[in-house]
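Engineer: Each chain, letter by letter, is given below.
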Amino acid sequence: MKLVTGVIQPHRLDDVKSALEAAGVRGMTVSEASGYGRQKGHTEVYRGAEYTVDLVPKVRIEVLVADEDAPSIVDVVVGAAQTGKIGDGKVWTVPVDDVARVRTGEHGAAAL
Amino acid sequence: MEFELDSGNTAWMIMASSLVLLMTPGLAFFYGGMVRGKSVLNMMMMSFSAIGVAGLIWVLYGYSLTFGTDIGGIIGNPADFFGLAISDSESLMASSGVPATVAAGFQGTFAIITVALISGAIADRAKFGTWIAFAAIWVTLVYSPMAHMVWGGGLLGGDGITAALSTPIDFAGGTVVHINAGAAGLALALVLGKRKGFGTEPIRPHNLPFVMLGAALLWFGWFGFNAGSEFAADGTAGRAWVNTLVATGVAMLAWLATEKFRDGHATSLGAASGVVAGLVAITPAAAAVDTWGSIGIGVVAGILCALAVGLKYRFGFDDSLDVVGVHLVGGLVGTVLIGLFATDNAESFGVWYPDGALNGLFYGGGVTQLLTQIIVALVAVAFSFVATYLIGLLLKVTMGWRVSQEDEVGGIDLAVHGETAYETISQGSVIKEVRA
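Here the protein sequences come in this chain order: X and G.
Under my numbering, the first residue of the first sequence is numbered 137, with each subsequent residue one higher.
Under my numbering, the first residue of the second sequence is numbered -8, with each subsequent residue one higher.
For the record, the hints were derived by calculation from the structure and aren't laboratory data.
Treat the hints loosely; a few may be bogus.
Said to hold, decoys possible - Now the in silico label distances, taken between C-beta atoms and shown as ranges:
| hint | chain 1 | residue 1 | chain 2 | residue 2 | range |
| --- | --- | --- | --- | --- | --- |
| 1 | X | Gly171 | G | Val388 | 37 to 43 Å |
| 2 | X | Gly215 | G | Phe39 | 26 to 32 Å |
| 3 | X | Glu186 | G | Leu199 | 35 to 41 Å |
| 4 | X | Arg174 | G | Glu414 | 22 to 28 Å |
| 5 | X | Glu186 | G | Glu397 | 44 to 50 Å |
| 6 | G | His256 | X | Glu180 | 41 to 47 Å |
| 7 | G | Phe39 | X | Gly163 | 40 to 46 Å |
| 8 | X | Asp150 | G | Val388 | 25 to 31 Å |
| 9 | X | Glu204 | G | Gly391 | 27 to 33 Å |
| 10 | X | Glu242 | G | Gly409 | 38 to 44 Å |
Said to hold, decoys possible - Below, simulated DSS-like cross-link-like pairs (lysine-lysine); rule was C-alpha separation at most 27 Å, straight line:
| hint | chain 1 | residue 1 | chain 2 | residue 2 |
| --- | --- | --- | --- | --- |
| 11 | G | Lys251 | X | Lys153 |
| 12 | X | Lys221 | G | Lys251 |
| 13 | X | Lys153 | X | Lys221 |
For every residue, glycine included, the Cβ atom is placed at its ideal position computed from N, Cα and C.
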């Protein structure tokens, strides 16, 4: 099993969500995040003082999938989140040892 | 005419003007609480900026456009009182001994709140600069003509299009303020189009205590709005005050009952909305109906407005904060029901209506007043909707109305104003340079 994590532009969330649902994903976790990548923030002026704002708002989306589905799910997220502009975010996968469904106590693939 | 100052009436009208002005910041809270946390500042800014824009235009030429010498029944002469150069003998309230500047100030607060009301139809998505331009153009080309037509001796007054029937009754602004703002809100909602997620995802109020605080401030200010529209401190003002209490409370209860019956919960948003619906509906009728009339108007307004706020989903127009459902529908309810409930029984109830008006259908006056009220209401809807739609389209092709979808989703507060209402995380900012 794999955990696919995407950190994306907040305004792409709806499209990513529907694309994942269309691809057969049945559950996900979404949280607000803030961070920076190569864009390295930007400068803002407020009430006469200039600030460097390096952490900008992002959305983190996490999906647990079977090993063989991981590459295609990554592509689905990338495809739906892409605007081509700097700050689009990143998607990565990590291996998952085990998953348990709390309600039933099932383990492994059955709990996905 | 020699002007004789009445200090009692003048003191009341200065107080009433201040009360009405407080309604606009109150509206900022009412509307601000109803939007999502990421756009509350923009929502409140639309109301606050209306005070600046409409207030300025009003003293420059808006008052004169409304109450200057009649031109074609549509508008007043803007040159008459340009910059509020006006003597007390020409005061709109000269007969009650209230000086011209006090009268003009009082009327100005009405122009301000009317513009601000429209902003509820375009929450979360309008460019701030376009809104400012709209407010200026709208006060000039829609509010002032409408107020002139109704109160300045124009087409919707006693000698206007219904002269053969009777004098229309609009005590405190059912047509001028609420039908006007409601129809304008519908037009702008159509011009701007829907927000992302409208009708597909729940867009819920982020701060209901703000909404209730705003409704409370509106109600408080509305006593100045309705009782002040008597232009004097007397028994008719007292009737308007009492009706503003009763119709409003009854409308709140009626809205809550409708909600409880239909949805299972009596909500705080419903209470706040019911209060405003009742206030809107009693406005044109404030001193023209007795206790029973105000209860009747409150019940009908509470139920109909509660049902009407669902129309935007059925017809797919994103009137975000129900300017149509509350102000257009409430304004129509009040304006039309005057045709049933109007009475000038000053003896027992302190009730009053202008010369040439008639009792309503339930008070032995037949259907004439009802017909008059319906005609005036329909003309007001048509004028406001068409004029606002055209202004909206003009601004759409010149300045543009919508912020980018990224900014709308990320929050218009940060994108347009460079601020957020509720700073939840430090964004790792460092001050680089202070511009002194």
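Engineer: Indicate, hint by hint, whether the structure satisfies it.
Structural biologist: Results of checking the hints against the structure:
1. Gly171(X) - Val388(G): 37 to 43 Å: Because 39 Å falls inside the window, the suggested range holds.
2. Gly215(X) - Phe39(G): 26 to 32 Å: violated, 43 Å
3. Glu186(X) - Leu199(G): 35 to 41 Å: holds, 37 Å
4. Arg174(X) - Glu414(G): 22 to 28 Å: Given range 22 to 28 Å: holds, Cβ gap about 26 Å.
5. Glu186(X) - Glu397(G): 44 to 50 Å: violated, 23 Å
6. His256(G) - Glu180(X): 41 to 47 Å: holds, 42 Å
7. Phe39(G) - Gly163(X): 40 to 46 Å: holds, 44 Å
8. Asp150(X) - Val388(G): 25 to 31 Å: holds, 28 Å
9. Glu204(X) - Gly391(G): 27 to 33 Å: violated, 47 Å
10. Glu242(X) - Gly409(G): 38 to 44 Å: Violated, at about 50 Å.
11. Lys251(G) - Lys153(X): violated, 34 Å
12. Lys221(X) - Lys251(G): violated, 49 Å
13. Lys153(X) - Lys221(X): holds, 20 Å
When each numbered hint is compared with the structure, violations occur for hints 2, 5, 9, 10, 11 and 12.
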